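*Asks:* Letter by letter, the chains look like this.
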Amino acid sequence: AQTVTQSQPEMSVQEAETVTLSCTYDTSESDYYLFWYKQPPSRQMILVIRQEAYKQQNATENRFSVNFQKAAKSFSLKISDSQLGDAAMYFCAYRNYGGSQGNLIFGKGTKLSVKP
Amino acid sequence: GAGVSQSPSNKVTEKGKDVELRCDPISGHTALYWYRQSLGQGLEFLIYFQGNSAPDKSGLPSDRFSAERTGGSVSTLTIQRTQQEDSAVYLCASSPRGVANTEAFFGQGTRLTVV
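Protein chains in written order, with this note's numbering: chain V, 1 to 116; chain U, 1 to 115.
No lab work stands behind these hints, which were simulated from the structure alone. Some hints could be false.
Quick list of the computed label-pair ranges, beta carbon to beta carbon [stated by the list, open to error]:
{"no.": "1", "chain 1": "U", "residue 1": "Q84", "chain 2": "V", "residue 2": "P40", "range": "24 to 34 Å"}
{"no.": "2", "chain 1": "U", "residue 1": "S62", "chain 2": "V", "residue 2": "A1", "range": "38 to 48 Å"}
{"no.": "3", "chain 1": "U", "residue 1": "G71", "chain 2": "V", "residue 2": "Q8", "range": "34 to 44 Å"}
{"no.": "4", "chain 1": "V", "residue 1": "M11", "chain 2": "U", "residue 2": "T70", "range": "19 to 29 Å"}
From a predicted model like this one, the values you see are computed outputs, not experimental measurements. Even for Gly, the Cβ is constructed at its ideal location relative to N, Cα and C.
Turn these sequences into a full structure, and let the hints guide you.
*Replies:* If you want it as structure tokens, here you go:
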């Protein structure tokens with residue numbers, strides 16, 4: 001069974017600085033998808049960024065980028081120029097490739113605080 | 001509506017009572033997921049529906065939990081004889097079929113408190 005591990009329960013960053021959130025996963029599959037979701041206090045889960053395992057190029061969305069290391073099964077999220085609105089819980093998630101899509105498996109999350 | 005809708009937003013129930021939580025997915029989305037999020041914890045998978053296929057119930061924690069999806073759209077999660085440890089936020093998500101890299105769209109959840 002696939003598992004997702006986020007080893008940092010809490011992280012803190014100064015406004016305008018850069019922070020990296022870690023995620024590792026375990027799978028025997030070669031094709032899959034990885035996601036980072038943000039959950040602010042409103043509880044609404046919001047997709048931040050996604051990565052297809054068959055793509056070597058790291059995904060980037062504005063201030064958010066990932067460092068995807070397939071051999072190491074590592075998928076870290078880098079937030080540049082941190083803003084107060086980035087404060088939230090961040091969850092790493094995994095999904096198998098395939099027409100049936102399959103279950104989305106989440107890590108336990110990292111609580112990010114942004115200091116003004 | 002445009003997004004995933006869950007009702008009620010908050011529910012307080014007495015221990016031993018049954019509760020029903022409702023999820024309206026985005027129109028046309030064939031995949032529907034239920035997750036449980038205990039205070040300060042990650043998302044625990046409960047059940048997954050995909051079209052007309054048999055649901056993946058592997059995450060249901062006990063036989064007190066059940067879920068159905070009528071007409072491939074609305075889903076109801078039922079918890080019978082609620083216990084205090086059932087207190088959590090229950091999140092529903094939906095996604096389209098056939099595009100495996102598509103994100104799952106989440107509702108805002110139902111906060112269940114068992115007293």
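*Asks:* Hint by hint, note whether the structure agrees.
*Replies:* Tested hints:
Checked against the given bound of 24 to 34 Å, the beta carbons of U/Q84 and V/P40, roughly 27 Å apart, stay inside it. For U/S62 and V/A1, the hinted distance range of 38 to 48 Å is not satisfied, since their beta carbons lie about 20 Å from each other. Hint check: U/G71 to V/Q8, Cβ distance near 42 Å, so the stated range 34 to 44 Å holds. Here the CB-CB span from V/M11 to U/T70 is close to 42 Å, at odds with the stated 19 to 29 Å.
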